[in-house]
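Protein chains in written order, with numbering that gives the first Met the number 0: chain A, 0 to 477; chain B, 0 to 314.
Hints were generated in silico from the structure; no laboratory data involved. Please note that the accuracy of each hint is not assured.
[What the hints assert, rightly or not] Restraint ranges, calculated between C-beta atoms of paired labels, are given here:
#1 A/M0 with B/P256: 29 to 37 angstroms
#2 B/G249 with A/E455: 32 to 40 angstroms
#3 A/S278 with B/S288: 54 to 62 angstroms
#4 A/D235 with B/P189: 37 to 45 angstroms
#5 B/K133 with A/F298: 47 to 55 angstroms
#6 A/D205 with B/K135: 53 to 61 angstroms
[To be verified] From chain A, some residues computed to sit far from chain B (all C-beta separations above 12 angstroms):
#7 R146
#8 P276
#9 N375
Owing to the predicted nature of the structure, the values given are computational and were not obtained by experimental measurement. Backbone N, C-alpha and C fix where the C-beta goes; we use that ideal spot for every residue, glycine too.
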Amino acid sequence: MSRKILGPFSRVEGHLEIELERTKTNITSARVNSPMFRGMETVMLKRDPMDALTIAPRICGICSVSQSVAAARVLGKLAGVTPPRNGELITNLILGCEVLSNHLTHFYMFFMPDFARHHYETKSWFGEALRFKAEKGSATAKALEARNHLLHIMGVLAGKWPHTLTIRPGGTTQSIKTTEKLKLRTILSSMTAFLEENLFATSIDDITNLKSLSDLRAWQKTTTGDAGFFLKLSDDLGLAEMGQTSSPLMSGGGYPVDGVNLFAQGVFNDRHVTPLPISEIREDISHSFMGGPLIQAPFDGVTDPYLDKENAYSWCKAPRLDGTRVEVGALARHVVNGEPLFRELYQHQTSTVETRIFARLWEMAKLSQAMQGWINEIEPNGDFYEECEFPESGQAVAFVEAARGTLGHWISVKENVISNYQIVAPTTWNFSPRDHNNQAGPLEDALEKAPIEKGEVDPISVQHIVRSFDPCMACTVH
Amino acid sequence: MSLLGYEGGNALDALNAAGVNFLWHPTISETSGQDVIMILEDILSGNLELDFLIVEGTPLLGPNGTGRFQMMGGSDKPMIHWLIELAAHARYSVAVGSCATFGGIPLAGDTRLEGTGLQFLSDQMGGLLGAQYKSKAGFPVINIPGCAPHPDWIIETLSCLSEDSLTLEDFDPEGRPLAYFGHLAHHGCPRNEYYEFKASAAKASDQGCLMENLGCKGTQALGDCNIRPWNGNGSCLQGSFSCIACTMPGFEDTGAPFLQTAKIAGIPVGLPSDMPKAWFVALAALSKSATPVRVRENAHASKVVHQPTRKKATH
């Protein structure tokens, strides 16, 4: 048995360090830490509630819009305002664009480059994998250019990315004309073309029509795209068993239009979906460098750094749902939403490197389709925005399905200023430290059985497992 | 992430073409873990040359000057110590984004963070590296502020520096490249006509000028944001929201809500750059009285309700 600290972790968003205990053949225990305190929640205090729209997105440069949408939604709940349909459609498009671009960045720049490392140079597929080489790969260059073009949707709708202020509690300040609908369609169709030519080598409809494991395996045999290449690697390297963890899966619900979500809100546990018991969310700080009560409901949450605390090893709090760790992300979204393919995959594999990665790729096809629909539904002559007023005092909570999973904002307002603002981000759930019952978070659990190849000092399996969650440590410690 | 949005081909190829290669970039490089620490140690021992030290994010001195709120992963050493040591070896030190340049948003949070910019603390020279700091090329820290900064600002500045084609005269006293920060965000504002007539928006979806009521600071903020398109054809004003002066030191806390204009006796506290108050008041009164009906009506609508008059050709 030996102990080792891995860090700094490259190709993840933000600062990450992992402490591992291992034998010669596998990891036995993991402790995950983002080695910094940011205190963004404290920036909100004593400010006008609307200032949350400016501050929240600046928690993160990669999932900025999801923070904007969460802030706008929580303020909307506080004010009792619902955006007009056009405002919802534009917000969905801006968020969908960010999620698509995040998934692209993750797959091509963060996750796949590990297979182009020297470690795998004896593999028969290594030559093919070189197109994903970090900084230099031809697949990476193509994906970056496709991503840039996709982000022109931001130029039209959000002004710029990251950090827009067009998304408000009562809709969007931006409204568009019929001619701009055409422009949006053109931009999106070039993204779809990239997905169909490079990622899937088939139409996105073929991807969303994969309804079972046998559909997936049959398709996998025929495809020549980057997603198919990933599945080939997955078979060869056992990624369908690697980084396995099982926890209840949670989704906060995403992309509402007229009160109906594209992705449902709920919790999947023991083969059933139940409503999300929002009032059962707590943050446990037993192993966090944080002061205040051991177990905190977000409305009473405290952001108080406590560096020399005994047993603490992470700046991340440990969120728990009814006392249990929970996994969030694209896989959770589609299992909760009842997608047959992911229900079956989850039943066979639970959450693994393969299921987590493929859920994101599949979601790119699904979102591209949904975005086409949202563009068509915009009525340029209708309203996009409604003014709202905030009560002098009040509380509200709201959720967004960000690229990496469920993001929750809890706001308390007293005498017209923010008296508390607490954020529970997706990676806060997935990369949570232990709680007072010593229950590990999803990543820590997933790493516990990770295999180590003969003679490996820095196990490559750890790299794959960590990145398969697509962590955003910037949001995690906010 | 803003950097990756560079549109001249793609960001990585553009830097490569300029001869800029990463020794390490946390979200781009293959190298991870102890191999990264070895690269950094090689720089400190003089075995590896460092042309650019590029810093993003607010360096944290807290708690109590120890820097332990922000450790470099895998090193058990505070980030501020790495930065101070690496800066001594860098040909150029470049702060990217308003956090690294002036301190940014975290300065408005928990004071125990003790956040600072690399060579400025808000508008005061000093910061982490001190007012006297000069990189090996004889430059103070080069500051590319913005939350987020435009990808061109970053890539073009690095490209020019890599061929030593910029001199000290190309930067302002705050270390910002004049090519971009010789402009105001107001230049090229799509709401220019509304500004000229002080035809102001009353609510956020109105098309009118956002300066009088809704907090727009474009006339005071440095940057060519409305001339240089973002993500194709965008800008904050193109996106129909106010400039919050995110390129400026202290933008994080002006004492007023971001999306409202602070006023004294009905007059905005922040007046357009270089404009004496009396002139502004006189000009505003005059232009308001001369506002065409079209401009006034459109200013209070979310889309054009009153078309410009069609003139016949003059023969």
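These are the hints, each one checked on the structure:
1. A/M0 with B/P256: 29 to 37 angstroms: violated, 56 angstroms
2. B/G249 with A/E455: 32 to 40 angstroms: Taking Cβ atoms as reference, B/G249 and A/E455 lie about 50 angstroms apart, which means the hint is violated.
3. A/S278 with B/S288: 54 to 62 angstroms: holds, 57 angstroms
4. A/D235 with B/P189: 37 to 45 angstroms: Since the Cβ atoms of A/D235 and B/P189 sit about 54 angstroms apart, the hinted range of 37 to 45 angstroms is violated.
5. B/K133 with A/F298: 47 to 55 angstroms: holds, 50 angstroms
6. A/D205 with B/K135: 53 to 61 angstroms: holds, 56 angstroms
7. R146: Since the minimum Cβ distance to chain B is about 7 angstroms, A/R146 lies within 12 angstroms and the statement is violated.
8. P276: holds, 31 angstroms
9. N375: holds, 20 angstroms
Hints 1, 2, 4, 7 from the earlier list are contradicted by this structure; the remaining hints agree with it.
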